[in-house]
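Using the sequences provided together with the hints, build the complete structure.
One letter stands for each residue in the lines below.
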Amino acid sequence: LAKTTQPISMDSYEGQEVNITCSHNNIATNDYITWYQQFPSQGPRFIIQGYKTKVTNEVASLFIPADRKSSTLSLPRVSLSDTAVYYCLVGEGAMRFGAGTRLTVKP
Amino acid sequence: KAGVTQTPRYLIKTRGQQVTLSCSPISGHRSVSWYQQTPGQGLQFLFEYFSETQRNKGNFPGRFSGRQFSNSRSEMNVSTLELGDSALYLCASSLETGVPDTQYFGPGTRLTVL
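These protein sequences, in sequence, are chains A and B. Heads up: the first sequence begins at 3 in this note's numbering, then just goes up one per residue. Heads up: the second sequence begins at 719 in this note's numbering, then just goes up one per residue.
Accuracy of the hints is not assured; some may be wrong.
As the list claims (entries may be wrong) - The calculated lysine-lysine pairs, modelled on DSBU-like cross-linking and capped at a C-alpha distance of 30 angstroms, are:
id: 1; chain 1: B; residue 1: Lys775; chain 2: B; residue 2: Lys731
id: 2; chain 1: A; residue 1: Lys108; chain 2: A; residue 2: Lys56
id: 3; chain 1: B; residue 1: Lys775; chain 2: A; residue 2: Lys5
id: 4; chain 1: A; residue 1: Lys5; chain 2: A; residue 2: Lys54
id: 5; chain 1: A; residue 1: Lys56; chain 2: A; residue 2: Lys5
id: 6; chain 1: A; residue 1: Lys71; chain 2: B; residue 2: Lys731
What the hints assert, rightly or not - Computed footprint of chain A on chain B, listed as stretches where at least three residues anywhere in the stretch have a Cβ under 8 angstroms from a Cβ of chain A:
id: 7; region: 734-740
id: 8; region: 753-766
Rather than coming from a laboratory, the hints here were simulated on the basis of the structure. Heads up, the beta-carbon is just placed ideally off N, CA and C, and yes, glycines get one too.
In C-alpha cells:
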C-alpha cells in the first residue's frame, strides 16, 4: 500500500474553498486514490475517488496531476459542518489510514 | 439498503475480561475489515476477512481475533482486556467487485475497559 503524506491540520473560514494535498510518491500503476471524511465518534465516510485528471461529485473535487504522485481534495465553500478529519488512501486491499488532516472551519 | 450495523454500540468491561463485537455488513458485501480508533493512535487496521478467510492482518497481539461467517457477518474478540484496549472499534464492508472498492463503515462500538 502506497505511503501517503498529508498535513496534520488546516484551518479555514466559512465560505472559503479548501484544498488538502496528499503526497503519494510510490503510487502503483493500478492504484486509485480515495478520500474519506470522519466526524468525531463516527466511522469514516467515502467522499471521492479518482485515478487521474479531475473527478467531481456533489461534495468535492479531486485533482490528480499527470505523474499521479500527489492529489488535491478541493472542498468548495466550506461550512462549519465540514469540520472533520480527512483521510487520503492510495491503493486497495487492506486499508491503512494515516493520521489524516484535521480541518477546522471557523465562522 | 441497510448500512453496516455493529452491536453493541457501547460496552463497559473490566480488565482481564473478554469481549465479542459483532458486525453485519451491507447486504451483498463480502469483505469485512475491523479497525481500532483511539485518540493517541488514530485509526488502526486490525484485520480483514473475505469469504470467511482472514486476508490481511494488522499489527495487533494475538488477544485480538476475528472470524467471518458464511453470511458475511463478522465478529471480533478481544481476550484478557487491558486498559489500553479502550477504543472505538469500527467495522467496514466492501463489495469486492474487482474494481477499486469503497469501504462503508458502521457506527462503531465504544469499548471502555475499567
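These are the hints, each one checked on the structure:
1. B:Lys775 x B:Lys731: holds (25 angstroms)
2. A:Lys108 x A:Lys56: Status holds; Cα separation ~28 angstroms.
3. B:Lys775 x A:Lys5: holds (17 angstroms)
4. A:Lys5 x A:Lys54: Cα-Cα ~18 angstroms, so holds.
5. A:Lys56 x A:Lys5: Given that 30 angstroms is the threshold and the Cα spacing comes to 21 angstroms, the pair holds.
6. A:Lys71 x B:Lys731: violated (45 angstroms)
7. 734-740: violated (count 0)
8. 753-766: Contact hint for the region 753-766 of chain B vs chain A: holds, 6 residues under 8 angstroms.
When the structure is compared with the earlier hints, violations turn up for hints 6 and 7 and for no others.
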